[in-house]
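Asker: Each chain, letter by letter, is given below.
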Amino acid sequence: MLYRWACSFATAGGQDWIWGDGDGGSIEVYFAPPAGTTPGSYTYSINFCSGYLDWLEEEGEDSCTVEGNVEVDAATPSVQITSRPIQIQPSATRPGTYVASLTSTAYPAGGTYYWTTDNPSMVGFLTNPSGSNSASVQLGIVSTGGKATITLQYLSPAGISAYDSFQFALTDDTTVVAWVDGSRAIPDPSPLPPDDPVVSNLGWGYSCGLTLLDWWNTGQSEAGGVGNNGLSSAEVLYANQFLIHYSANPDPQSQGNSVNSQAFVAAQKYRLYQRFQAYYEVANGQITSAPIYLQNAPPVAGITPEPCSGMQIQIISKAAQRNFDDGARTMTANRQLVYQVNEARLGSAGQAVNQFLNGPPPPGQDYTTMTPWIWSVIQFDANGVTQPWAQGNNSSNLQIFPAYTIFKAGSFSTQVTQGSMTTFIGLNSSSQYVIPK
Amino acid sequence: MKSNTNAHRFAGTLALIVAGVCSTGSVAGQTTPSRLDTILAKLAAGTAGTFDIHSLESERPDARTLPALRQAFAKASDKEMKQRIAATLLRLGDSSALYFGYLADFANSAVDDPAPIFLVFDAEGKTVRGQMSPEFLEWCVRNQKEPDAEAQLQSWVYPGDLLLLAQTNDHRADAIFRKGLDSPNPMVVALCVQGLGRLQDISAIPLIVQVAGRLPAGARYALAMELPWFSSTDAERLFRSLVSDSGLRDGLRAQVQHERQNELNVILQRNGQAPRR
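As they're listed, the protein sequences go chains Z and H.
Read in the working numbering, the first sequence has 33 at position 33, and its numbers run on one by one without any break.
Numbers in the working numbering are just positions in the second sequence, counted from 1, shifted up by 1000.
Keep in mind that the hints are not guaranteed to be accurate.
To give a feel for the contact side, a few chain H residues facing chain Z, derived at Cβ under 10 angstroms [stated by the list, open to error]:
1. Asp1182
2. Leu1223
3. Ser1241
4. Gln1255
The set of hints was computed from the structure by calculation and includes no laboratory data.
These numbers were taken from a predicted model, which means no experiment stands behind them.
Here a beta-carbon is modelled for each residue, glycine too, at the ideal position from N, C-alpha and C.
Produce the complete structure using the sequences and hints provided.
Answerer: See the structure below:
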């Protein structure tokens, strides 16, 4: 039970309340001398009958007052940055930069504040970072894909310092565009005779459409598949080259619009598009606050261009199939990564065509299990650093296909070359991203 | 394993394979569900896919199959799924007007659409990629149609609707296919030729000859691709006139023959005259 009584300090002549905590015949009291009390020796007098609970009466005592001596030290100061976790916002006046307000409380009053950072290339102070009126400051932050420690030193009137600090990470504003690079799959009819029907059928707009229609239809039954589709391996290779080449996307850097513009996103001239940026507090190599997402528009799966007509419309396929994990955006259980998943694959019609050309022969499997997924996963570590781009297995942050172009704050950063078409086609639906635990 | 519909499908497929191999097996007194049992269970649960519907056609006749398909048709809301169930019912012998009508309605829409084709062709008759014809765009404006949606109908939806009807080999579709020969959409025309060829409507060949005469090169080739569905000297004559290269003709014939053989295999398997693969 908590009690409160009046307490007078004889030497200082002040009066303040003290607090007590206890039960069962004894109590500990806590002195809080009035602000400005000079260090030294004082006599005190506590009136135990002055509080809202009369502890002495409860304990059966008949005297209200207890007196004694107490030594008042120089006040031990304390300071705390109170605006935690940090809240970062894009700057309204300086695009591409960010601002944050930090506030603090300190004891005893009347001291001086000194705000500093260990990463001045990332964090600057927009208001005076030191002085008696600097209990709060405005930070100006540049996204460097890194972290900074903010330290507040409070120097009390008695000349004693108290400190508080925290560390936060602000990631790069990262955009990943997955696109099919047609230059990596050139249709080559040379291994085939000049009158090969596959080459001829795909070469004319109408017959191309009819051919895909037939493959789509047959691919949904057990009638297709390698060695059972009526096509030679050279014809299958040519068909794959044709379909990939003529459903390619333009290089994101050549599309005219900034990758972060609405126009770029809306045009859907890509297979996958995602943009992601986050900030969070960190300590000892772990993320300690819930990540806040500065860029978190849902990832997008683009429209696969129709290979026969070259139209950027949803013709041969229903909409791309989005993976169950597409759009997943969270932190790993070990608090070391924040990530966003963008994962999809061809729509059902394209999957059936794939089964017809590349799937297993009878007893065939359901065509929906034959087409691998493509994905990009933007991962930021506890230092705010974007994880390196890697391909090769289900835990890699990129599928081996197609090409991926990565942008930071809308500017080109990295290009990951499109992997082997044949290897990719050899995969099936079990090739999908596995989210790290 | 991820909680994912695809994972479920994959697991379902594995179950099918196991069932296919061990259809008569039993473990500790329990009979392993046959592939048919599995598909019927999926139909009842509403989880069957188009692959399952096709697979039913190669299963031996079973008293449960048609009722299950009828029920699935009644429950299905997806157009393509409903079409495929209807087509399977017709092929399995339920000639109900309900199922034929469902397919025929879409096919009629395909042959009745008067829109000019959206594709643009160069002097050689090859498609100019990525462009829509001015005539088509003007038609869309006049008729308040959205060009992308109309192009999708022309190049994929209509041909798909006609193909599903043609594959039923149902003579009630003959009039639809004849009407479709007048379509401004060469893909519709070609699929109607296939439909008439499957029905061996020899009397339609003079009409097809006329149609071929007015089509541009690319469209003529599309029509020619479907002529091997006819078993007729007149059709063969037209085929030769449209495709001068004998090697290419052989290749196109082989494609149709391959498709015929696949369809025949399904029937033979259903009748127990060929092993299930």
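Asker: Check each numbered hint against the structure and report the violated ones by number, ascending.
Answerer: Hints 1, 3 contradicted; others consistent.
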